[in-house]
Each structure stands twice: as structure tokens, then as C-alpha cells.
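Number of protein chains: 2
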Amino acid sequence: MLRSIARYLDPPSKDLLVAAPKDDAAVWRGDPLVVATTDTMVEEIDFRLSWPDFDFRSLGRRLISINLSDLAAMGAEARHALVSLSLRGTLDIASVRRFYQGIAEQAHRFHCTVAGGDLSATPGLLTLTATLVGRIGAARAMLRRTGAQPGWQIAVTGSLGAAAAGLRLLESGRRPANEIERRWVSAQVDPTPRIGAGRALVESGVRVGGDISDGLYREVERLVDEAGLGATIDVQRLPLAKGLNREQWSLAVKDSEDFELVCAGSAPRLLLAQRALARLNLPLTVVGAIERRPGIRLRTRTGIERLEGAGYEHFR
Amino acid sequence: MLRSIARYLDPPSKDLLVAAPKDDAAVWRGDPLVVATTDTMVEEIDFRLSWPDFDFRSLGRRLISINLSDLAAMGAEARHALVSLSLRGTLDIASVRRFYQGIAEQAHRFHCTVAGGDLSATPGLLTLTATLVGRIGAARAMLRRTGAQPGWQIAVTGSLGAAAAGLRLLESGRRPANEIERRWVSAQVDPTPRIGAGRALVESGVRVGGDISDGLYREVERLVDEAGLGATIDVQRLPLAKGLNREQWSLAVKDSEDFELVCAGSAPRLLLAQRALARLNLPLTVVGAIERRPGIRLRTRTGIERLEGAGYEHFR
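Protein chains in written order, with my numbering: chain A, 1 to 316; chain B, 1 to 316.
No lab work stands behind these hints: they were computed from the structure. Idealized CB from N, CA, C, for every residue including glycine. Please note that the accuracy of each hint is not assured.
[Unchecked claim] Where chain A lies over chain B, by a calculated footprint (3+ residues, C-beta under 8 angstroms): (1) 73–80; (2) 125–132; (3) 148–156.
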């Protein structure tokens, strides 16, 4: 196996004064307001080498994407990535190279250097961590989970449910049979972080939002819970991914791992945001509203449901 | 097991505008020159729960310390830590709490916030990553691995060999029998990063150095190799840890995991640095010299040896 990751890290540049691992740490010129996040993927939990057509290159891209999504959720831009990888010594070098290739291509695509890294041998499961350091322009110019107001609308970027449908397909061991199924799988293994959309939301004056990588339901809960507010999500309005029918809406709501953004704002504010996202060819769809009454409600064709823990609780 | 690490992360403060995981990422006011590093510990490779008197609290401190040591090696100060942990669901909550307690106490001891974190479940080995973001005052005010000059002296902070002696004791399964052995074990499981010493070296005008967590031999090699220079290390002058005898010098040279610093500079420069470190009650011991002739040589009682790969090669 690879003993050093030196060749896969970026060399010094105008953005990166000193590059690890040639030195003990990376050095760069800082930004006034720094946004930072870290996220890990564990083999057998977040991915399986046994999935059909498993590709280390898209795994590398995904490691950067899941962290970029956290920056997007703040309305931030990415600047520098550090990766810390625990790999088995039995892993073939071509796979390791493809993995780093994926890391570098996704980082560079989002104007981010691969500034540092650490490589550990493990006799166990592949465990892959990235830390992303980014920036925002002003302390007011970010998306937060606090500040939602009753009467505001809730909107989501892009389409929902494809990642969950892709995961089901991968776990069944069946190869995608058509273009639609290929898109589902791609939404799971190689999601697109919404960095541009996060910036556009902030520039439109939206200040409340997050990413829905833990599921739409969970994220909406986070936006209202602390303020003692509630929300209703209108299941009929969810922008389901192509190929999903309306009966499969639950794929879009819970544990869905779609790396889309959800935001909340007044109706006129979200109309501005919709126009800004249209310029990025990305829909922003109103799917519900913030309400005074605590709890998250789902409006389905047959009535109002309430999702709790692992299942659904009908309360009306 | 713990589902959230929220309670173990620092709340917002003057240093930390937005704290994860309440939001998707941490936000802080940046510094003009940022230094960043990441490092991972893997169970069964870097530590074993079966070691005598294994303590999760010192494991937490060590996770921060090994990263602090990389900042110390640049002459940097720490500002913010992000931790990403893959833990087994079977781990008892008291152990997890002690682990976080150790992380927080070591971070705070070195004026560093615990700004963000991620918790993954793993069915495999504990895999523990921290990323540390710090600062230096000026682009010239740091330690680099480049710039060593022939004729310069090589010096190390503190004492050497204790961590390797401690590891042998831990792996033998025997409990330390006296205060000296307890110090060896402590050097392995709970090292002290040399943040203050790194700053003092830089303030004394020293510009070439690194940490010797990969062994003194390996680090001296890094300081001279790229410039096509060499070095001789005088084994008789190594500041061996208390309780080690001169015949055990190899514990101080290779794979030693002492988290001390090595530096290189002119004799008058290192004299200044010695005085500065004396004010921190830390010895700085000259142990060798940079030379024009490539290769690393060890001067022992019986002659000159050359260390290569896994063993020693006598070449004179």
C-alpha cells in the first residue's frame, strides 16, 4: 500500500503558502470569517465495496461532497480540505489512487485546495474523514438553524428521494436498468453539493436553512424545535425525483440522504430566492410552512400524519 | 451509545461565533495566517483497550496532543479543534464521556475551542480523527523543514526514549512498577505537545525544525534530504529519559513517538533558543550537526553507524 499521500496533496500556491505533508502542517492566508466542518464515511455503514460497479473515484468525490454540503448549508464557500484516511494495507494501489483522484477533482471543482492529509493503516474497516474550511463574507451573510418565524414558507432545492431509491437499488445488488435508475444511484454515491445555491439563498436575503442529508423531516424539526414552533410539510408538493411516483413520497422525507438544501423565509423573500436559483437552473420548491403549533405535520392525500421515531403516528 | 456529541462541543463564545452541531458548521473570526493539520488514531495500531490501566480520558487528551504537536512543529498556536469519531455502538457511555472530557480538557489547556465534530457508528475498530486549526503571527515566523545549512547544529527539546520504553511496557502487559516506569507509560499515552517551545524557538529566530513523533532519525532526514545535505547525530549526547541507560539509545532514535521538537540553527542562534526554553523549564540539547555529506550518521561509542530501513547498516 501507499506509504505517503504527498503526491496527492496540492503543492504550494497563491492560496496555500505551505503544503503538508512536506511540512508538519499546511499554512494559508486566512479569511475574516471562517466556516469549518468535518464528516466521516465508514465502510459497511456509509458504503460497501460489494455494491454493483463500486468506484473509489466517486467515493473520493463523495467524501468531499458530504462536507461541502455542510458548508453549502451555511451559505459558505470552500477554501481548503484536509483528509484523514484509515486504509487497509491489502487495498490495491490503483483503488487508492482513484480515491485520491476523486477527492482532488471534487475539491478543485469547488475551488478548494487539498491542503493536508494523514494516512493510517487499519486492519479494520475503511474510515474516511475530511475537514473542510471555508469562508463567508459577513457575519450576517449566512444560513442558520435559528430565526424561523410563524407564517414563513419552507422550500427545498432540487428534487428529493433519488438518493434513498438509489440506496435501495444498490443494497438489492441489482444494476440500474435504465437512465432513471442510474440517476438514483448517482444521487446516492456521487451527490452534488449545493454550494452555489447556498450562496444564492444568502444573497437573496434568506437567513434560515440547512442541508437535508439527515432527511427533510429531521432538518425541518431542527429549524423549528428550539423556538417552540412547528411546521406542516405538504407531501403533495414535494419535488420528487424523476421516476418516483407520488406514493413513494416517504423516500423524500426520512433518512433520505439527498444533499439538497431546505430554507425558510417570507413568501416574497422565497420568490426572490426562486429567481436567483433559476439562474443556476435549480428549482426551489415551496413544500410547507412554519406554524406556531409545535410538532412536524405531514399533509398527505388522506389527511395529516405525524412522523415519530422509526414510524408514523397518525394523530388525526 | 451516544447519538449526539452536541453537549461535548463548546458553546458559542467570543472565539466561536456559531457552534456545530447546532448548526451545520462552526463559524469563527479568522486569523491572517492559518496553520492546519489532521491526524488519526486507530485502535490496535495506535492504542489497545487491553493495555494495563487503559483510560479513555487520556486517549482523548492524546488525540488533541498529537495534532497540537504538528502545530508546535510549525511554531504555531492552536485556535480551534474539530473531531470526527467512529465508535462502536457497544462502547459504554461512561467511556465515551471520559473520552470527550479528555478532548475538551487538553484543547482548553492549550487555548483551543472544540468547535465541531462528527460521530459515526462503526462495527469495527475505534477510529479517532482530529483536525486542528491554529495561527502564526507572520509568514516568516514559522518552523519549516527547508533551509538547513551545513555547519548548523541540531538540537532537541526535553528528553527522549520514554515513549518507546512506555510502549514496550504496555505491550508486555506489565503494570509500571515505579515512578520512572509510570513516566515512561505517561510519555506514550499522554504526551505533552511542545506548543510553548515551538513559539519560543521561532521567537529566538530559529526557522528550521519539526516534531519527532515519527522518530528523531526520520525527522532529521526530512530536514536535510531535499537539500542534498546530511547530518551526524551524536548518540552520546542524546538527552535520554530518566531510567534509560546509554545502551538503550536506539529507543530515542527510531519510531520513538516522543512528541518533542527537533530544530537546526547556527550555534549562537541555538544558544539564544536554549535560554528561551530554559524559561519554560525545558532543556534544549545539541545532539548533532548538519553536514554537506548526504546521509544520516550516528556517532556511537564504538564508531559511526548508519541506520537504514528496519535495521542498522555498519558502513565504517
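Here is how each hint holds up against the structure:
| no. | hint | verdict |
| --- | --- | --- |
| 1 | 73–80 | holds (count 4) |
| 2 | 125–132 | holds (count 4) |
| 3 | 148–156 | violated (count 0) |
Checked against the numbered hints listed earlier, the structure breaks hint 3 alone; every other hint is satisfied.
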